[in-house]
Every structure is written in structure tokens, then in C-alpha cells.
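**Q** Put together the whole structure using the sequences plus the hints.
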Amino acid sequence: MVSPYILSNFVLRLIKLKELMLLRKIKLAIIITLLGLFSSCTHTSSNSTKEAPITSQDTSQVKIKKSTHYIYYIPGDSIVNGILIVLDPHGKPAIIMDSLHSIADNNHLALLGLNDIRNGISAYNEIINRDLHHFESYAAISPSYIYLLGFSGGSRMAAIYARRNRIDGLILCGAGLNRQTQFPFPIVMISGMGDFNFMEQYYTPDDATTFNKNIITLNFRGKHQWPKAKLIADAIDFVIGRNEGKNSSEANAYAKQSTELLKQKEYYLSFKAMEMAYKLSDGNLAEKRKQQLIALSNNPNVKSYFHRLQKYINEEQQRYQMLSHAMEIQDLKWWNNQIDYIESKAADKKNKLRAASYQRTKAYLGILVYSRLSAASSGRGHYNLIPKYLEIYKRLEPKNPDLFFFKAIYALSQDKQEEALNDLRKAKKLGFNDQNKIYRFFPQELINKLKS
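Numbering (this note's numbering), first residue to last: 42 to 493.
It should be emphasised that the hints constitute simulated quantities derived from the structure, not laboratory data. Treat the hints with care, since some could be wrong.
[Stated by the list, open to error] The list that follows gives simulated cross-link-like pairs (lysine-lysine, DSBU-like), each with its CA atoms no further than 30 Å apart:
no., residue 1, residue 2
1, K352, K393
2, K490, K467
3, K429, K403
4, K313, K403
5, K254, K331
6, K467, K440
**A** Structure below.
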């Protein structure tokens with residue numbers, strides 16, 4: 042048990058840190074004011090680079106362009122019918138944009154990746170509008186369509202932005218959507234079968250969503266990650282096809298793909314391809330595709346597949362409740378045995394459906410222990426359980442930068458400043474870059490050593 046003395050020191054340190062933060066905010070406000078006065082005199086744009094608007098004669102735009110707040114790509118023929126805004130939760134849109142050039146060219150889409158969007162910010166609505174309006178003015182374009190493509194936290198920001206602003210389509214990767222909310226534009230949700238957010242997106246063949254022509258879920262064999270460009274191309278086909286209505290050829294292609302996948306015993310993907318074919322069809326063809334979709338759902342093999350999938354999902358939901366309850370009451374020996382069991386099931390190549398369920402379970406555990414550590418480190422949870430939480434997190438995700446960030450916080454609370462500094466350095470080396478959190482939890486003296 043942690044002594045009251047150590048706890049009181051920890052609380053006092055947090056109070057001092059808040060005082061330092063307040064002083065820092067005052068200094069920052071002064072700096073921002075001075076910078077604002079300076080920029081008003083020099084008339085520089087928010088893009089920090091003085092470049093002429095792009096014209097059809099400018100052939101250099103086929104490469105990704107960089108600016109202070111965003112990166113962008115203009116189709117090679119300079120014809121822009123729409124803009125696809127890319128939101129990465131870590132402020133690194135180039136991760137996926139680099140693979141979307143040909144897709145942008147084929148669909149006459151400009152790509153706009155926002156560098157200032159990342160998990161934890163609250164001003165994303167203002168950032169999206171700022172960068173979108175600046176880019177339209179800078180590139181001298183007036184697109185007919187605005188689409189949003191997000192991953193994980195970026196998807197959640199995109200969905201909220203879509204409720205407040207005029208857009209024409211959403212592509213949400215690695216995060217779900219409240220399907221009770223009605224949107225007047227097409228929506229695609231994409232996730233890996235092993236993604237812990239898979240169940241947020243999943244719906245059964247007899248669910249009303251299956252026949253809602255404005256929404257579809259696409260999946261791939263993978264975990265919580267950006268999907269490959271091919272799947273994003275399918276998503277773009279859907280949102281553009283639903284908006285423009287010229288999609289009979291795409292619908293026929295997906296119907297043919299469904300037949301081929303069924304022969305390969307890829308029952309889930311076959312059903313999804315036929316669902317896409319139906320939702321991209323209009324008129325009499327749409328009714329024909331709908332009947333084909335219903336017939337496919339009644340195929341004995343397809344029916345058996347979805348029955349098994351639902352069984353594993355039900356078991357998975359019960360498992361989540363059990364693991365959440367066990368986080369406080371079970372010891373490390375129990376947790377090591379439990380994680381061994383989960384990992385063995387997740388690696389089972391003979392039963393891919395069950396393996397995907399346990400892959401999601403392991404990912405869920407990572408999120409669960411992260412939330413416990415976050416609460417305990419902020420004085421809202423069980424401080425005395427932090428060592429156990431850290432060991433579980435280390436077992437689940439040994440190279441996660443958040444692990445070392447939380448280790449640094451705990452070391453500091455135990456008056457182990459050198460250990461805290463080493464752990465914080467490891468967190469930074471692994472990619473931790475949330476400066477707000479660093480300044481919130483650590484004194485300036487330690488931060489100065491971190492910079493040296």
C-alpha cells in the first residue's frame with residue numbers, strides 16, 4: 042500500500058505543475074499576440090509560403106506539396122471535381138496519402154492532408170474549415186464535392202464535423218458511427234476483422250443497414266490500421282457513385298466479384314461485394330441486385346458463416362465484461378495466464394473467425410489498461426494498482442510509447458527523477474509527441490533535461 046506521504050507529495054507535485062502550466066500559458070498568450078501583430082504587418086498567409094495559385098499549365102503539382110498546416114496533391118490533369126480531406130489521428134496524413142495518387146487522378150480528386158489534426162485536440166472543426174478554405178483559395182479551385190477520410194480518432198472527428206458542416210461523403214476507417222443518426226450523404230466504414238472497433242461497424246445480413254443504400258461497411262484481414270489503397274478506392278467508388286448516380290459498370294463489376302469470392306468460399310467478402318453491387322445500382326437493376334443479395338444471405342454456407350460470426354461476437358462481448366471486472370481484482374499471475382490463452386487463440390490459423398475475435402480482445406485489453414492508467418495517473422483511479430497495470434500493458438504492447446509515458450509519470454510520483462527522465466526519453470524515441478501531456482505531468486526542470 043502506498044503511504045499517505047507519497048500520495049500527498051504526488052498531489053502537491055500536480056498542483057505545482059498546474060501553476061507552472063498557468064504561467065506558461067500567460068507567456069504563450071503574449072508570444073501569440075506579438076506574432077499576430079507581426080503577421081498583420083507582413084500580410085503573410087496561414088500557409089507560411091508565398092506561392093502563386095496553381096494553374097492548368099503548372100505540371101509540378103503531380104507531387105505532394107507541403108505547407109505549414111497541411112499537405113496536398115492535385116491530379117495530374119489539374120481537373121478537380123472534389124476534395125478528399127485526410128484526417129490521421131497522429132497528424133501524419135502522408136502515411137496514407139502517398140498511396141492515393143492514382144486514385145485521386147482517376148477520380149479527379151484533390152487530396153488535402155491536415156497536419157494539425159491529432160488525438161486529443163478540441164478545435165478540429167475550426168482547423169478543418171481553416172485549412173479547407175485556405176487550400177481552395179490558394180489552389181484557385183471550386184470543387185463540387187467535399188469528402189472526408191479519417192482513421193481511428195480522425196474518423197470520430199470527421200463524423201462530428203459532418204454533423205455541423207456541409208460535406209458530400211464520409212469514409213471512416215477504424216471507428217464506427219451511431220447509425221441512429223441520419224446523414225444526407227453516403228458513408229463507408231472500414232475496419233480490419235481483428236480491429237477492436239469492428240463491432241462498432243458490424244451489422245448482420247438481415248439488419249436494416251444492409252438495405253440502406255447510403256451506408257456500407259467494408260472489411261479486411263488486419264488489425265487497427267489504415268486499410269490498403271485498394272479498399273479506399275472501393276470506398277471512393279461508393280461515395281462518388283452514390284452522389285453522381287453513374288455506376289452501372291461498377292455495380293456489375295462488384296456483382297461479378299461476389300460470384301468469384303463465393304466460389305473461393307470467401308463468404309463474408311462475397312456478401313459485401315454483392316451488397317456493394319446492390320447499393321451502386323438504380324432502377325430495375327437495383328431490385329434485381331437486392332433479390333440476389335437476399336438469395337446470397339439464404340445460401341446455406343453464407344448463413345452458417347454469419348451464424349458462427351454472431352456466436353463469436355456474443356462470446357466476445359461477455360468476455361469484455363469479465364476482463365473489465367478482473368482488471369482490479371485479479372493478480373499478475375492470473376493476467377499472464379489469461380494473456381497467454383488470448384494470444385494462443387488469436388494465433389489459431391484453423392479457425393480464423395475465432396482468431397479474429399481474440400485479436401480484437403487483445404486490442405480491447407490494450408485500450409482498457411490504457412484507460413485505467415490514464416485515470417490512475419491523473420488522480421481519478423487506483424494509484425496503488427499502477428504497477429500491476431504497467432506490467433499488463435508491457436505484456437500486451439511492449440513497444441507502445443504510452444507505456445513508457447505512464448512509467449515516467451509513476452516514477453516521478455515515487456521521486457525517481459532519473460528513471461522518469463529515461464522512461465520519457467524512451468516514450469519520445471518510440472514516437473510519443475503529445476507536448477500538452479508532457480507539460481501537464483512533468484516539471485520544467487525535467488523537460489529541460491529531456492530537450493538537452
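**Q** Now tell me if each hint is right for this structure.
**A** Hints, verified against the model:
Our distance criterion of 30 Å between C-alpha atoms is met by K352 and K393, whose separation comes to about 14 Å. As the CA atoms of K490 and K467 are separated by approximately 14 Å, the hinted pair is consistent with the 30 Å bound. For the hint linking K429 to K403, the alpha-carbon distance of about 17 Å falls within 30 Å, and the restraint holds. Of the pairs offered as hints, the one joining K313 and K403 holds, with about 26 Å between alpha carbons and a cut-off of 30 Å not exceeded.
This hinted pair checks out: K254 and K331 have alpha carbons roughly 10 Å apart, not beyond 30 Å. As the CA atoms of K467 and K440 are separated by approximately 9 Å, the hinted pair is consistent with the 30 Å bound.
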